[in-house]
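Colleague: Next come the chains, spelled out residue by residue.
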Amino acid sequence: MTQALEGFLQALTAGLLIGAIYGLMCVGLGLIFGVMRVINFAHGDFMMLGMYAAFYLFTALGIQATFGSALGPFVAILLAGPVLAVFGYAIHLALISRVSGTRTSSLEGEGHYAQLILTLGIALILQNGGLLVFGSVLASIRTPLSSSAWELGPLFFDVSVFINKARGIDAVVSLVTMTLLTLLITRSRIGKSLRAAADNPTAATYMGIDVDRAHRVAFALGTGITAIAGGLLATNYPFHPFVGVEYVIVMYAGVVLGGMGSIIGAFWGGMTIGLVQQMSTLVLPTQLQNAAIFVVFLLIIFFRPQGFFGRMVERT
Amino acid sequence: MQGLRSLLPILIFTALYAALSLSVTNSYYQLVMTLVPVWAVFGLSWNLLSGYTGLISFGHAAFFGIGAYATALGQIYFGVSPWVLIPIAAMLGGVAGLVIGFPTFRLQGHYFALAMLAYPLAILYVFEWLGFQEVTLPIQRDNPIAYMQFADPRLYTLLALAMMLGTILLTRMIERSRFGMALLAIKQNEAAAEAAGINTLAWKLRAITLSGAIAGAIGGFYAVVLLVVTPQSVFGMLVSAQALTVAMFGGVGTVWGPVIGSVILIPLAETLNAEAGSRFPGIQGVIFGLAIICVILLAPEGLFWKFRDFLRKRSAPRAGMTPRAPDLPLAAAIPALPNSSRPARSQDEGNVVLEVRNLSRSFGGLKAVQNVSFKLRRNEILGIIGPNGAGKTTLFNLMNGFLRPGTGEILLDGRDMSGRKPHELCEAGIGRTFQIMRPFLRMSISDNVVVGAYVRARTDAEARQLAAEAISRVGLSDIADRVASELTTKELRLMELARALAGQPRILLLDETLAGLGHDEANEVVAVIQRLARDGMTIAIIEHTMQAMVRLVDSFLVLDHGAVIVEGEPEAVTRDSRVIEAYLGKKWVAHAPH
Numbered sequence: 001m002t003q004a005l006e007g008f009l010q011a012l013t014a015g016l017l018i019g020a021i022y023g024l025m026c027v028g029l030g031l032i033f034g035v036m037r038v039i040n041f042a043h044g045d046f047m048m049l050g051m052y053a054a055f056y057l058f059t060a061l062g063i064q065a066t067f068g069s070a071l072g073p074f075v076a077i078l079l080a081g082p083v084l085a086v087f088g089y090a091i092h093l094a095l096i097s098r099v100s101g102t103r104t105s106s107l108e109g110e111g112h113y114a115q116l117i118l119t120l121g122i123a124l125i126l127q128n129g130g131l132l133v134f135g136s137v138l139a140s141i142r143t144p145l146s147s148s149a150w151e152l153g154p155l156f157f158d159v160s161v162f163i164n165k166a167r168g169i170d171a172v173v174s175l176v177t178m179t180l181l182t183l184l185i186t187r188s189r190i191g192k193s194l195r196a197a198a199d200n201p202t203a204a205t206y207m208g209i210d211v212d213r214a215h216r217v218a219f220a221l222g223t224g225i226t227a228i229a230g231g232l233l234a235t236n237y238p239f240h241p242f243v244g245v246e247y248v249i250v251m252y253a254g255v256v257l258g259g260m261g262s263i264i265g266a267f268w269g270g271m272t273i274g275l276v277q278q279m280s281t282l283v284l285p286t287q288l289q290n291a292a293i294f295v296v297f298l299l300i301i302f303f304r305p306q307g308f309f310g311r312m313v314e315r316t
Numbered sequence: 001m002q003g004l005r006s007l008l009p010i011l012i013f014t015a016l017y018a019a020l021s022l023s024v025t026n027s028y029y030q031l032v033m034t035l036v037p038v039w040a041v042f043g044l045s046w047n048l049l050s051g052y053t054g055l056i057s058f059g060h061a062a063f064f065g066i067g068a069y070a071t072a073l074g075q076i077y078f079g080v081s082p083w084v085l086i087p088i089a090a091m092l093g094g095v096a097g098l099v100i101g102f103p104t105f106r107l108q109g110h111y112f113a114l115a116m117l118a119y120p121l122a123i124l125y126v127f128e129w130l131g132f133q134e135v136t137l138p139i140q141r142d143n144p145i146a147y148m149q150f151a152d153p154r155l156y157t158l159l160a161l162a163m164m165l166g167t168i169l170l171t172r173m174i175e176r177s178r179f180g181m182a183l184l185a186i187k188q189n190e191a192a193a194e195a196a197g198i199n200t201l202a203w204k205l206r207a208i209t210l211s212g213a214i215a216g217a218i219g220g221f222y223a224v225v226l227l228v229v230t231p232q233s234v235f236g237m238l239v240s241a242q243a244l245t246v247a248m249f250g251g252v253g254t255v256w257g258p259v260i261g262s263v264i265l266i267p268l269a270e271t272l273n274a275e276a277g278s279r280f281p282g283i284q285g286v287i288f289g290l291a292i293i294c295v296i297l298l299a300p301e302g303l304f305w306k307f308r309d310f311l312r313k314r315s316a317p318r319a320g321m322t323p324r325a326p327d328l329p330l331a332a333a334i335p336a337l338p339n340s341s342r343p344a345r346s347q348d349e350g351n352v353v354l355e356v357r358n359l360s361r362s363f364g365g366l367k368a369v370q371n372v373s374f375k376l377r378r379n380e381i382l383g384i385i386g387p388n389g390a391g392k393t394t395l396f397n398l399m400n401g402f403l404r405p406g407t408g409e410i411l412l413d414g415r416d417m418s419g420r421k422p423h424e425l426c427e428a429g430i431g432r433t434f435q436i437m438r439p440f441l442r443m444s445i446s447d448n449v450v451v452g453a454y455v456r457a458r459t460d461a462e463a464r465q466l467a468a469e470a471i472s473r474v475g476l477s478d479i480a481d482r483v484a485s486e487l488t489t490k491e492l493r494l495m496e497l498a499r500a501l502a503g504q505p506r507i508l509l510l511d512e513t514l515a516g517l518g519h520d521e522a523n524e525v526v527a528v529i530q531r532l533a534r535d536g537m538t539i540a541i542i543e544h545t546m547q548a549m550v551r552l553v554d555s556f557l558v559l560d561h562g563a564v565i566v567e568g569e570p571e572a573v574t575r576d577s578r579v580i581e582a583y584l585g586k587k588w589v590a591h592a593p594h
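As you go down the protein sequences, you meet chains F and C in turn.
Here the first sequence is numbered in this note's numbering, starting from 1 and rising by one per residue.
Here the second sequence is numbered in this note's numbering, starting from 1 and rising by one per residue.
Next up, chain C with everything else stripped away, as it sits in the complex (with noise of 0.2 Å):
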């Protein structure tokens, strides 16, 4: 039902848009009422991999080219009917996506984007070096319809229409799965999705080959309504160019952002250029860019961010009054702590879960971790300290796969798991926070611990369970649906040990999960990670701050320079003579109580 609720707006837009273009006489205008959906159907491929992933494809005009020239020869050559050649076309920019996504996905950020700037431009030559300066699709008088040929231009807006329907309940429903959670979590931070187990690589190829496939078709659809094509007008800057100007106009990660773009600025770009184009050359480029310019400078986001932000902070005074019922059954109060302190842990070898061996990694000269080696018994809580700069934070990257081992191994239950990807790590059991926390701004916390639960989950119900188990344990069931951005620096810390509970792990790595908390803050969240030993958790934590750390832990490893200096209890370790020097200096040692 809520479903379908959501789809209603859309529903009533397509239709008043139908009955919009069935009243408009003019051929002229016809073509641009055609045009506006055709632009917002590649606006929606272009956001479905670049808005929700944040990597910024420069050179969509690839797969639409590719869509354009696969349909216009398809008929030239061998005479088949647009009706089979756009399908076809949606699967040669499919195969596009995924052959130019494998490789071009190693390269991250600024280096992306540009790469994809190359593709279509040197597509573009080889075109025009084959001699395919200007295709004009042949006329079918005898059969048009078979060739998708209309006396009534109406039809083709229709069709037009139809595909923009059908993009967007395509996107609309990777937006809800765990598809788009994927894509959104890699959008905000690529090596924390990772780590939260989802297999990067994977989700975004799959995005590619879809947006791709998307764009294809549209491509094969623009040839067959404008009966011409020309490498520049496909292959061209300025269509990856219109890809990107509609969806960020309009606003990124949302169908409505290209869809609005395009509703927009077709129109006003077409009527100026019909208008004063004769009189002003470039007078429509000019007006053009000031509008994308305005907008950019007064809603940087897209219009459709700026307006439902400001729906938001309309409504939101009311929607806080409003008393939330408790959604889950689990959303219950946590009980206080008992007094009785956790099962004691056998020094048992059969209870080590995890276990380092000679683990090193070095940095060109740098020796960043050198040979430590530690186990981790079954629930366990394992202080590592050190100053900074000891190795703390590339130990946890080694363990957790962001980086390679240079010598050593990590044993997961006696299994060596060195040199595995971080989802595979996160599968095998081991979750992990950030020291630097990124959270998903927009959504709500369950949204954001639900991106943690899917490498657990086989559906998104059960994803949505295991979320909300992980959020009532970190005791913030009763916010749940709060907004990542409304948070405190101590509600963010518990959501994101809350997203890396959800994958529910067997090993959790704490990266400072007390920085930046007051004293009685910081209390609080210790008590959480106690519960969570209590409950059966193994759990290793860096942290600073010593008060905590001392009352926190059974055992400590000081790190310095990368190796281990001391390993032991916390009273003993806490009297070292190393540990105070490593931290303090050698003038303080003797003032330290023997």
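Extracted from the complex, chain F is given alone in its bound form (with noise of 0.2 Å):
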């Protein structure tokens, strides 16, 4: 009893951890989806980029000798969001723009054929391409939190809560980052005019907002968002160029849950899916994890589309 009880705890725990990260991630995803209405096929592997791109900053670039093991990672993480923001905001330049936002109109299906495959064209680029600069090998981003907890406890019966120290460092980062954002889409200038040109691009463009370059900045500013939640898993799940595939499916899963274009509640539905992911160790055999998070989400799709912050919008 006792030893159950622990277990659905322990695996609450683990999914509200690693939950705060897949929300993150699916924030950033959501973010772009929300804004531009595009699928974007190669925002795995844009995680996977702000992975290498925190290894690199942190083994390479002399944060680990400054900041040491423990501090240092984090520091990285943080830095590599804006450096695939630039990323990003590049990409949009250069390709995204040339089949999105105000050039779609004349383009089949809005453009969306067309969107599909050019991020699946950048997705098989950047994934071999990676092959080819970081090579197969696993990597993972070493910190001496990342094998220690805290223990929580005992709580009551005896039983105690072991929270992974880089695991809790990685959620509040992430819940930080998250509320941060918040404040930026909510309260400043870039931020409304970004819901303005969500809500009814058309519209916004009358009301003098370059809808082409809020686009580009919610493409830059999803692409840093989910680059620092891949930073922050990386703490504890090693990776390798084709990480991306693996969680993109993650991603879409919570942005649906959470209702296409809202934020928060993208954060909530890739908190569920990590819910889910973890919860179902108790009653699943590990290998069925992820096939548990797909059949969440068809539920979830057809019981309720709109997802959980979501509104049905009809058109004729």
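Hints are supplied without guarantee of correctness; some may be wrong.
Some chain C residues near chain F, calculated using beta-carbon distances under 8 Å [stated by the list, open to error]: (1) Leu-107; (2) Thr-245; (3) Ile-283; (4) Gly-364.
It is worth saying that the hints were derived from the structure and are not from the lab.
Just so you know, even glycine gets a beta-carbon here, dropped at the ideal spot from N, CA and C.
Grab the two chains, each in its own frame, and use the hints to assemble them into the complex.
Modeller: Now the structure itself:
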């Protein structure tokens, strides 16, 4: 009995911790999807780049030497965000803007076909280019915190819960980033233009908002946010150039769960995915963890396609 | 004859490819030669669903993988030959299509695409869990041919080519039938297709079943060719991506697209892998990706369409000068309107064809239509007017089944039709046009209109006949072969009218048919509508141009805030102070002539 309870609480904790990172990851994609309505297949690979960026910043560019092994990784991870944001900005400027935003009206299916295949092409280049540049050896951002834990409790009946220190800090960093992003979007001028461009691109254009620029900013922000999430993930999970494919599904599941177009919804969507993944280990074999995610994903899509926070918009 | 001639390029291509494949001796290149038609077939199966309906599937690997595993496991555990198993794989793929399609088609756009993404990946993990990480097909030494194991690998190529030819022919047949027309209509505008009498769910289910069957069969064949099946190699995301990449690269919505895409991309990727793969791991993926990006930026709809549009542009000036023979006996000029007006309509109750009773519908707190009642008599033209947001289009949406009424009845010949689906109401005789036009831009006027005719026609020939009649009724016979993208707004409006007429409705609902037209153009369209009424059509029309309306309609129904404020003859309605107030505000009521 005690053991089952302990297992449950431990899975719940693990779910909440990983869910916080997944949530941030989903927010990055949700921002792009919500503002631009572009399905970005390469988003998982952007995250992969974020992981490597944090890795090299940490090991090669002297952050480890300056800040030490405990604090260093988190400094590197937070720096990887802006690096990838610049990358995302450039990718949008050079490629994505050619098949999205105000240019799509002349294309069949509003450019969806073109967007899909373009981002697929980008994904292929990033994955295989990553293999060329980084090699196929598993990498990880090592910190002594990854292998130590705080013990909570004993809470009751001698039940205690362990929180991995690295994951605990990851979750805190994730929540802080999320809060800052929310403030940026709700309070700042740029955030307002993003929301306007997302809500009604045509009306936003009439109001003097440069919709293409808003898209570019959203794309850069989304890429940077997901890169931070990727870096956080990398403190606990080893990664390789093809890691993006594994997570892109989690991201989409989270975004749809939360309701496409809702930023805060995407966070809770990602959190739910993390919880489902960890809690399912209690009843399902480990290999079926991810299958459980998809089943939940499908169920939500069928019964509440607008997600938790989304609203249905019908147009004839 | 025409059908045969159009097949000629395909037959020549297949023959040339077969000849080329027989001359290849290197076993690696022989495998590549086999994989090209294999991926082409998979791309074609994707194209059949996603290319024609516009519903993008990221999950075609589900069908491919089911076929591959069925074939591999069937041979391992039951000793059945692939000759039997591949048809079974096709059946399983079809069933999977139906099972997946039925719930998933309730979703639209991105939701559909993303839901499809989840199926193969969920199955992937299940197969891994079941312990089928790597399944190897047993080598049959006794009777290899009976187990589809050939000593000469070129036979696989020929078999794959045969499957490709079969798939192309099937797709071609579908493309030219009402099946293909229905799918294209769904792609352009699902709502409009439903309103034109197309049972969209039924056609989509047929498409995904067939598509799944083809993908299942080719998946089974793929297992036989490679002899090894792993969950990643048949259910993985890259497999689904392969289908859409070859199709989109070559061009969606045409049989040539996946074939072109496969012929270019597969050898490119495989050769790069063989030549440089050991020194530069991943180089093929990089170049593959670059090729895709280049094409999408230069020809975003695929190579085939780019090429075709290019050819069309070059040949267009000449085509314009060649005189056209009238293709159908009905293609005669429409006689000018006689001065005599239409037969007088009796106010007799027996002539009521459509009656709306206490119809209401609200969206959340907004009462879009409240308690609306009116009668539509045979051969009457009813004008529905009111300020923006008065609920006019919502009323039409309720009448043709796009929306379910909250309360109230819609009686067609005394039978309550409320809550029926749009295609059922279309069958029952209610046709409509839309405020926002959705023509099928790459199709000719005739083809556009044929889509609307299938609801009445039993055969394709009959549909063509009905379409030709409808086109002549709106006076577009002379330009019936022109592609919709070249038409003016007026011609497009008339074409939409013809599409609604082709289903031979008894009642036409016209939603702002005159919008965006100049004065003279509007007059021409009004003349066409008048002629329809003279020929016995019953019409309800939403319009803002009062000038045109006053001359056109027999009576007005004025809506404001979802409710009827006035109903009656044009003369009386235009002087009514409530109408003036609704349109212009209180201030102007005083200025109005009484």
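Colleague: If a hint holds in the structure, say so; if it doesn't, say that too.
Modeller: So, going through the hints one by one against the coordinates:
1. Because the smallest distance between the Cβ of Leu-107/C and any Cβ of chain F comes to about 6 Å, under 8 Å, the interface hint for this residue holds.
2. Because the beta carbon of Thr-245/C sits about 6 Å from the nearest beta carbon in chain F, less than 8 Å, this interface hint is met.
3. For Ile-283/C, the interface hint holds, the least distance from its beta-carbon to any beta-carbon of chain F being 7 Å, beneath 8 Å.
4. A cut of 8 Å between beta carbons decides the hint on Gly-364/C: the least distance to chain F is about 10 Å, and the hint is violated.
The structure shown violates just one earlier hint, number 4.
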